[in-house]
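**Q** Listed here are the chains, written in short residue letters.
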Amino acid sequence: MMAKKTRTVHRHHSLHCADVFSHICENLDADLDSPQCREIKRHIAGCPDCTALLDSLKKTVYLYRTVPIPTIPASSRRKLYSVLSLETGRRLK
Amino acid sequence: MKTVSHISDGELIERSRTGDTHAFTQLVKRYEQLVYGFSYKVCRDKEKAEETLQDTFINVYRKLSQFNGESKFSTWLYSIVTNNCLMKRRKRKLDTEMVSLDDPPVSDKHEQRTIPAWTDSPISSLMNSELRARLDKAILKLPMEYRVVFILRDVENQTAEEAAKILKLSVPAVKSRLRRARLFLRKELNDLMVE
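Chains as they are written, first to last, in our numbering: chain A, 21 to 113; chain B, 821 to 1015.
It is worth saying that the hints were derived from the structure and are not from the lab. We put the CB at the ideal spot given by N, CA and C, even for glycine. Among the hints, a few may not be true.
[Claimed, not checked] Incomplete in silico selection of chain A near chain B, CB under 8 Å:
1. Leu35
2. Glu46
3. Ser54
4. Gln56
5. Cys57
6. Glu59
7. Ile60
8. Asp69
9. Ala72
10. Ser76
11. Leu77
12. Leu83
13. Tyr84
14. Ile89
[Claimed, not checked] Now the stretches of chain A that chain B is said to cover, found in silico as 3 or more residues with beta-carbon under 8 Å:
15. 92-98
16. 104-110
Just need the whole structure built from these sequences, with the hints factored in.
**A** In structure tokens, the structure reads:
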């Protein structure tokens, strides 16, 4: 029982949170299947801080991806084609 | 007979170069929302997005002969939009609230002993006007050089290599800016999202 606990602690500390932070921040969407990434995955699973960081970074990105972006207003499109008509010397519509 | 939607970008570009304004119009129609949307995401302002839209397609028309087809047309387009956004920022000097990330207040190292967990509430229920305002405010604080990297990589889904090509940066530089931008935005939204 003791030995198992020691192994768990060792695995958690075999990588420093700072290294994992750096990896997480750069590779949010990366597939964590390489040998190095498997170690990172194990660390994250046993580390509440790294789990919270990963989750919050993913949510940050998700928020910016999902916030609605306006489509071009009709007036902006009209201005665009008017400016391009002047530029090309032909009527664009 | 090919319908317009089946004509490749390359063909539309070739025809546009020979003065075919109908082909150029189709090219504009194909990419106008991408340009407007990207500009809006960068400057968070409809008026600036409209100006950038016009400037970008004028630049495209004038520089079309310089497009060599080695990269995707969208990559070339992103680089023109980005340059326009950067130039406008320099001209207007309006981004006074931006912070400096050269010596980032948010360290890449373990920034705090305990990181609080963010709420698991469905994001849709959080997407209210307060949150939208906070998202805008946070991203406008990011220096433009970091903001465009974040938007290209995380919002527009460009690869690190494509973003590097668009911004004329090395891939490690793109990764470094992305890391700092993500950490900065996370920190800015933290108090709103903590459970």
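**Q** Against each hint, give a clear statement of whether it holds in the structure.
**A** Going down the list of hints, with the structure as the test:
{"no.": "1", "hint": "Leu35", "in the structure": "violated, 12 Å"}
{"no.": "2", "hint": "Glu46", "in the structure": "holds, 5 Å"}
{"no.": "3", "hint": "Ser54", "in the structure": "violated, 17 Å"}
{"no.": "4", "hint": "Gln56", "in the structure": "violated, 16 Å"}
{"no.": "5", "hint": "Cys57", "in the structure": "violated, 16 Å"}
{"no.": "6", "hint": "Glu59", "in the structure": "violated, 18 Å"}
{"no.": "7", "hint": "Ile60", "in the structure": "violated, 15 Å"}
{"no.": "8", "hint": "Asp69", "in the structure": "holds, 5 Å"}
{"no.": "9", "hint": "Ala72", "in the structure": "holds, 4 Å"}
{"no.": "10", "hint": "Ser76", "in the structure": "holds, 4 Å"}
{"no.": "11", "hint": "Leu77", "in the structure": "holds, 5 Å"}
{"no.": "12", "hint": "Leu83", "in the structure": "holds, 6 Å"}
{"no.": "13", "hint": "Tyr84", "in the structure": "holds, 5 Å"}
{"no.": "14", "hint": "Ile89", "in the structure": "holds, 5 Å"}
{"no.": "15", "hint": "92-98", "in the structure": "holds (count 4)"}
{"no.": "16", "hint": "104-110", "in the structure": "holds (count 4)"}
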